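K.L.:
Sequence:
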Amino acid sequence: MHMYVVYILFSRTSLKFYTGQTDNLENRLHRHNAGLSLSTKYGKPWELIYKIELVDRSHALQLESKIKKRGAKRYLEDIKFL
Numbered sequence: 001m002h003m004y005v006v007y008i009l010f011s012r013t014s015l016k017f018y019t020g021q022t023d024n025l026e027n028r029l030h031r032h033n034a035g036l037s038l039s040t041k042y043g044k045p046w047e048l049i050y051k052i053e054l055v056d057r058s059h060a061l062q063l064e065s066k067i068k069k070r071g072a073k074r075y076l077e078d079i080k081f082l
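Quick note on full-length UniProt numbering: the sequence shown kicks off at 1 and runs consecutively.
Source of the hints: derived by calculation from the structure; they are not laboratory data.
Keep in mind the model is a prediction, meaning the values are calculated, not measured.
C-beta: ideal position from N, C-alpha, C; glycine also.
Just so you know, not all the hints are guaranteed correct.
Calculated cross-link-like contacts (lysine to aspartate or glutamate; reagent style EDC-like; alpha-carbon spacing at most 20 angstroms) [said to hold, decoys possible]:
| # | residue 1 | residue 2 |
| --- | --- | --- |
| 1 | K41 | D56 |
| 2 | K73 | E47 |
| 3 | K16 | E47 |
| 4 | K16 | D78 |
| 5 | K73 | D56 |
| 6 | K51 | E26 |
Beta-carbon label-pair distances, calculated as ranges [unchecked claim]:
| # | residue 1 | residue 2 | range |
| --- | --- | --- | --- |
| 7 | S65 | N24 | 31 to 41 angstroms |
| 8 | S37 | R57 | 15 to 25 angstroms |
| 9 | R12 | S58 | 31 to 41 angstroms |
Using the sequences provided together with the hints, build the complete structure.
P.N.:
Following this line, the structure appears as structure tokens:
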């Protein structure tokens with residue numbers, strides 16, 4: 001079954017969080033840490049701190065949007081992850 005992943009990265013360099021969604025987490029994380037993504041180019045290295053797998057892209061996009069609106073740190077606090 002094809003899965004989509006919503007993920008949160010953390011940069012110890014910039015002390016920032018980044019939220020995204022993908023269907024290939026390994027490749028996407030590589031792109032973030034190789035500086036191939038403009039939005040995360042300046043926070044390298046990025047560490048994967050949270051991920052959740054979903055069965056379809058529409059649910060992944062909805063969750064990604066929810067996390068971005070709330071803020072990754074507050075979302076993680078809300079779910080008692082931090």
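K.L.:
Hint by hint, say whether it matches the structure.
P.N.:
Hints versus structure:
{"no.": "1", "hint": "K41 with D56", "result": "violated (28 angstroms)"}
{"no.": "2", "hint": "K73 with E47", "result": "holds (14 angstroms)"}
{"no.": "3", "hint": "K16 with E47", "result": "holds (11 angstroms)"}
{"no.": "4", "hint": "K16 with D78", "result": "holds (18 angstroms)"}
{"no.": "5", "hint": "K73 with D56", "result": "violated (24 angstroms)"}
{"no.": "6", "hint": "K51 with E26", "result": "holds (12 angstroms)"}
{"no.": "7", "hint": "S65 with N24: 31 to 41 angstroms", "result": "violated (20 angstroms)"}
{"no.": "8", "hint": "S37 with R57: 15 to 25 angstroms", "result": "holds (19 angstroms)"}
{"no.": "9", "hint": "R12 with S58: 31 to 41 angstroms", "result": "holds (33 angstroms)"}
When held up to the earlier numbered hints, the structure conflicts with 1, 5, 7 and fits the remainder.
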